[in-house]
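Asker: Protein chains in written order, with this note's numbering: chain A, 41 to 190; chain B, 79 to 436; chain C, 258 to 643.
Hints may be right or wrong, so weigh each one.
[What the hints assert, rightly or not] The calculated lysine-lysine pairs, modelled on BS3-like cross-linking and capped at a C-alpha distance of 30 Å, are:
#1 C:418 to A:166
#2 A:82 to B:113
#3 B:411 to B:242
#4 A:166 to C:355
#5 C:418 to A:45
#6 C:418 to A:82
#7 C:355 to B:288
#8 A:163 to C:418
#9 C:418 to C:574
#10 C:529 to C:574
#11 A:82 to B:288
#12 A:49 to C:355
#13 C:355 to C:639
Hints are computed from structural coordinates only; laboratory data are not their basis.
None of the values given here were measured: they were computed from a predicted structure.
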Amino acid sequence: MDLVKIEGKWNFNYTYFAGESASRFFHELRENHRIMGTRCTKCRRLLVPARAYCDVCMAPTDEWEEVGPEGTLETFTIIATAFPGLPPPPIVMAYVTLDGADTALINLVHGMDLSDIEVAAQKLNKLPRVKVEFVDEPTGRITDFSFKLI
Amino acid sequence: MAEVGSVYIEGAALEFSWADPRRNLMELIYDTVSKAVEDAGQGYDGIDSVVLAAHDLVDGRSLSSMVTAPAAGAYLRDEVRYSDDGAGAFAAAVARIEAGESERTIVAAWGRASEHDVEELSRQLFDRIFLAPLGLQETHICAVNAQKWRINGGDTSSVEAAQKRRAVAAKANPRALQSGGWRSTPAYPLESDHLPLWADAVAAVVISGKPSSVRVKGLGLSSEPYWPGDRGLATAPALQRASERALAEAGMTAHEIDLFELDGMTLYDEAIALEAVGYAAKGQGMRVLAEDQRCNPSGGSAAGYSVPAMGLARIVEATLQLRATAGAVQVGKPRTAMASGLSVTAAQTQTVIILEAQ
Amino acid sequence: MSVAIIGVGQTGYRRSFPDKSSRELIWEAARLALEDADLDIDAIDMVISGVAPDALAGEASVERTAMLGFGKPFLRINTGGVTGSSTVFAGNTFIRAKRARAVLVVGLERMGQATSSQQVFNTIFDPVYEKDFPLTTITMAALRASMLMRLYGYTAMHWAKIAARSYQNALKNPLAHLHVDITPEDVLNSPLLAWPIHRYEACPMSEGACAMVLVNDQMVGDRTPAWIQGAASITDSYAMGDRIHRPGATLVDLLSLKLAAQRAYAQAGVDKPRDQVRAIELYSAFSSAEAMAYPALGMCEASDGPRFVEDQFTDPKIPVFNPSGGPQGANPVSVTAMVRIAEAALQVRDMAGERQVADVDRAVATGQGGATQFSTVCVLGKRPAP
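All chains, full assembly: derive it from the sequences and hints.
Answerer: What follows is the structure in structure tokens.
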């Protein structure tokens, strides 16, 4: 007797409202090539990416401030296997604290020699300074920029 | 440790909106939770637990509580997310206070219909092998139940009047969705305005063991088999059992309850609910819904709807009524209220909460 | 009032069960738990179900397809990786609130029906800031692992030793998914996924169901209980970038686990965990993640972690980690945290068969979810908490 297997595909469509804060963040990326944070009205941390409220204090944010364009790498990984949606490996992904920010931001690091992964890893282990580089035609998404070792 | 019957609602808030591009889902949740906490008047002092009701497929990402829980005040607190109706989550939160595990708990529930495909999700709830190929949605089950109620001799003479009263209430309700929203296509015998007005909904309350203006007097839960054909069509047996349990705990009968806010996806579900809890006689639920102002004074699902928030939305509406702050839809000075919430799939499980003004 | 686990049921874990529907898996685990508890379904007052991302099973609200008993109060929990433990804790709460005398908790993982789990896991990240830039649980773990190596001197061999230890333990667990004789060298030779994580340090994709029966002290009778001495759960903020600069609790300080452990230990009357806990069923999705649990659970200081790993192989007084093989041996995501509690319960009840650790008076089970955002700690003992 055959065991029945039924093929299925889920294809849910969603429209995610980014909201005013994120929209402004993306707008600044696209129009002004700037990365913005917002400050919590209670703890005064500058939160990056910009957001409407601080979830630690459950309080709204106010000031919008630019951060970077340089910063310090905090931790990283080098992706060696292909994952759906990512550029082909090897690629470097890292958390960077941009100058002025109180939180770190994640994005890809480009322009490194990755022919020897261990060597590259040791270089990144030194927590180098990096700078933000924008693509030629930013569209208002997080992928408008990436980091490059200085 | 709080005993059964000594949990109180300190703060409550409810918002219906539609496709507000200025706020993402987390910001929507943050706004309503903040309002409920403010309403409770004690800030975040003593808030040590958060109980949520939300569903990944409604929110549009797996483990959506990663981003949504902090928006509801979960940072470094004991937080749990039920993928179940808001009234069920409320019951679980009450248990936390009664067990002595929490001093003050935030309960929040939400669903943003403008962000997801309501019908597609509803279709996916049905068994892949025997039911999904038929393209069933939950409103089809509502239609089947409605027709069964009619076949059983349900008094249909008040259908139009009941819908009219709902529409008037929804228009008057300061919390109802007044523009935007979405309705699906009705299946016989349902008509368009019998269907829920899908909205972006967030409901939140703060509860504790310290006396406040509204007390939880009793609660009950129950469930039905998965297959719609195995269930008691047109009689909502899970709601019946849940209300019996809640009333027994409260030491009351249905006729002693002053106000009802019962969750039902469609007009017919609300009418059948009144029969199931023992307030309306069999077949008379529609007439009672048409004539009795104390039944779903908020306008029910015509005021705004989004799973799995509705049980908690009903609790908030009932709370406001008991505090006499429901605004234009206030019905006198009720002392007790019954609120209910139903879950997928097609009201398979139900929670009933009985509240009392202090 | 104390709550005891008196029944455990596990279907065992595999890549897939092609001969079983989802509801059959749920029934099987429930049946085994009820048999072990020597209770009929009618004695159960409430059923709480734990199922994590529906997308892994491809069935929306699959838990509702398998109701157990008639008309019982029923709720479903979904807290990602900690779902299994959240479910047990909820059962504990309802009993302590005197709203139930006996609760059946049951979890199902059906990821055998998914084609690519990483695509599903990818959707757990924020669609506004992160979706265009897919993150995965593997990259998240790798970011942490590289930080741990830099800060405390862990090496690739430490990660490999932890992984190999788990595989060796799984060989003694007939319920585990993987029964492979893997050495640390095998781990280091396996393909690199994201530096520094190798494939064999990650967990398999497993499916299966687990169930347990929890009762109040009056229903234990002459059954063999594992008493819940402590149960605590803490949620951290989402954005990992926010934690990097948090004073006292950065990215690799598992603050939520530390706080949960403190609370659970206090409830249990544990003040010297390294001496007072004999077995630890630990939820770490990657072998390197285990390192963050050591200081959080009071095993050692963070900087002594590498030494603590080495001592596990030579010092018999150190608690035994993942005698079941842990998530390395089987990772049915929705239930993995419940399996940790189930296995800890079997250890305390002396019912763990070939994988039984000697003299387990007290065991701890942990849960992690959402890239270490959610942490749970459960302390079980042969006696109720003092």
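Asker: What's the verdict on residue 529 of chain C and residue 574 of chain C, does the C-alpha distance respect the 30 Å limit or exceed it?
Answerer: holds, 13 Å
Asker: Sort out whether residue 639 of chain C lies within 30 Å of residue 355 of chain C, counting only the CA atoms.
Answerer: holds, 23 Å
Asker: Given the hint that residue 163 of chain A pairs with residue 418 of chain C, test it: the Cα-Cα distance must not exceed 30 Å.
Answerer: Holds, at roughly 25 Å.
Asker: Between the alpha carbons of residue 418 of chain C and residue 574 of chain C, is the straight-line distance 30 Å or under?
Answerer: holds, 19 Å
Asker: Does the alpha-carbon distance linking residue 418 of chain C and residue 45 of chain A stay inside the 30 Å limit?
Answerer: Violated: residue 418 of chain C and residue 45 of chain A sit about 39 Å apart, past 30 Å.
Asker: Holds or violated: are the alpha carbons of residue 418 of chain C and residue 166 of chain A at most 30 Å from each other?
Answerer: holds, 26 Å
Asker: Measure nothing beyond the straight line between the CA atoms of residue 82 of chain A and residue 288 of chain B; if it is 30 Å or shorter, mark the hint as holding.
Answerer: holds, 28 Å
Asker: Given the hinted pair residue 418 of chain C and residue 82 of chain A, is their alpha-carbon gap at most 30 Å?
Answerer: violated, 45 Å
Asker: Going straight from one Cα to the other, do residue 82 of chain A and residue 113 of chain B come out at no more than 30 Å?
Answerer: Answer holds: residue 82 of chain A to residue 113 of chain B is near 17 Å, not above 30 Å.
Asker: Does residue 242 of chain B sit within 30 Å of residue 411 of chain B, going by the straight-line distance between their CA atoms?
Answerer: holds, 24 Å
Asker: For the pair supplied as a hint, residue 355 of chain C and residue 288 of chain B, confirm whether the alpha-carbon distance does not exceed 30 Å.
Answerer: holds, 19 Å
Asker: So if I understand the rule, the pair passes when the alpha-carbon distance is 30 Å or less; does residue 166 of chain A with residue 355 of chain C pass?
Answerer: With a Cα-Cα distance of about 56 Å, the restraint between residue 166 of chain A and residue 355 of chain C is violated, given a limit of 30 Å.
Hint violations for this structure: numbers 4, 5, 6, 12, all remaining hints satisfied.
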